[in-house]
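Chemist: With the hints as extra help, turn the sequences into a complete structure.
With the numbering used here, you'll find the sequence shown wraps up at 248, consecutive numbering, no jumps.
For the record, the hints were derived by calculation from the structure and aren't laboratory data.
Ideal Cβ positions, reconstructed from N, Cα and C, are used throughout, including at glycine.
Possibly wrong hints are sitting among the right ones.
Unchecked claim - With a straight-line cut-off of 30 Å between C-alpha atoms, the simulated BS3-like cross-links for lysine-lysine are:
| hint | residue 1 | residue 2 |
| --- | --- | --- |
| 1 | Lys114 | Lys198 |
| 2 | Lys131 | Lys198 |
| 3 | Lys131 | Lys114 |
| 4 | Lys114 | Lys204 |
| 5 | Lys6 | Lys204 |
| 6 | Lys169 | Lys114 |
| 7 | Lys198 | Lys6 |
| 8 | Lys2 | Lys131 |
Said to hold, decoys possible - Derived CB-CB ranges, DEER-like:
| hint | residue 1 | residue 2 | range |
| --- | --- | --- | --- |
| 9 | Ala202 | Leu244 | 15 to 23 Å |
| 10 | Asn121 | Arg41 | 19 to 27 Å |
| 11 | Glu74 | His233 | 29 to 37 Å |
| 12 | Asn248 | Arg173 | 13 to 21 Å |
| 13 | Gly151 | Asp232 | 37 to 45 Å |
| 14 | Gly126 | Thr51 | 42 to 50 Å |
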Amino acid sequence: MKLLGKLAWITGASSGIGQASARLLAEEGADLVISARRDDRLQQLADEIRTLGRTVTVATVDVSDRQRMQRVGELITSLGGVDILINNAGTMPISPIINGRVDEWEQMIDTNIKGVLYAINAVYPGMAERKQGHIVNISSVAARLTYPSAGVYAGTKHAVRAISDTLRKEAIRYGVRVTDIQPGAVDTELPDSIVHEKIRAAVKENMYGEGMPNLQPEDIANAILYALTQPDHVDVSELLIRPLVQEN
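Modeler: Given below as structure tokens:
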């Protein structure tokens, strides 16, 4: 058990990468705080994790809610502080900018950027005080590239990459490590957040269609575990992970 005695907070834990990461970290001995908006799924996951002999705390919260995220941070402080933060919650309602879907732009900014910052703010000061901790931000291959119809989404993921690298440089003095994980196409519910019908259909056909050998959430969970279990003097700053067949 490589993470025995560690406490990890995972956002967006109700499905996909967050759920797979929660299972893997629990198998490796970590106790968990799991958060997302869907309480029923969190409760099911918590029951599963408890069968592994791990303790788990459920925090039903939208990461874009600043006050409630701070209260999760206070809860974590009462538990003795967190060793690992996995900033996984995200949304992708992409569309051409000409469509002017401002509400969807704000949703991506609030979740993908502000949510990441709110989680960091909730636990990073405690990590710095204890001189140890590891923050893992899940960005995207879109943190390096741009795509038609995905300008705002890519902008949020570029922001996460910039925040991650800046935080890494600042956190060195406190002994806190920072890793930015950049997945390509992963079989998750993320494409379902696309409201624009034609774009959603095109994405599902071109990137998630039948027979596409995409990554599985467990592949990203394994990458996260790799970063978390390196010796203390090693910082895995970035990991870009694509399916073999994905060119961009």
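Chemist: Hint by hint, say whether it matches the structure.
Modeler: Going through the hints against the structure:
1. Among the hinted pairs, lysine 114 with lysine 198 is consistent with the structure: their alpha-carbon atoms are about 28 Å apart, no more than 30 Å.
2. Our distance criterion of 30 Å between C-alpha atoms is broken by lysine 131 and lysine 198, whose separation comes to about 49 Å.
3. About 25 Å separates the Cα atoms of lysine 131 and lysine 114, which keeps this hinted pair within 30 Å; it holds.
4. For the hint linking lysine 114 to lysine 204, the alpha-carbon distance of about 27 Å falls within 30 Å, and the restraint holds.
5. For the suggested pair lysine 6 and lysine 204, the alpha carbons sit about 37 Å apart, so the restraint of at most 30 Å is broken.
6. With a C-alpha separation of about 20 Å, the suggested pairing of lysine 169 with lysine 114 holds against the 30 Å cut-off.
7. With a C-alpha separation of about 44 Å, the suggested pairing of lysine 198 with lysine 6 is violated against the 30 Å cut-off.
8. Distance check on the hinted pair: lysine 2 and lysine 131 sit about 20 Å apart at the alpha-carbon level, within 30 Å; holds.
9. Range check, alanine 202 to leucine 244: about 22 Å between beta-carbon atoms, so the 15 to 23 Å window is met.
10. For the hinted restraint 19 to 27 Å between asparagine 121 and arginine 41, the CB-CB distance of approximately 26 Å keeps it satisfied.
11. For glutamate 74 paired with histidine 233, a C-beta distance near 32 Å keeps the hint of 29 to 37 Å intact.
12. Taking 13 to 21 Å as the suggested C-beta distance range, the pair asparagine 248 and arginine 173 does not conform, at roughly 37 Å.
13. A beta carbon spacing of about 39 Å between glycine 151 and aspartate 232 agrees with the range 37 to 45 Å that was offered as a hint.
14. Evaluation of the 42 to 50 Å hint for glycine 126 and threonine 51 yields a failure: the beta carbon distance comes to about 29 Å.
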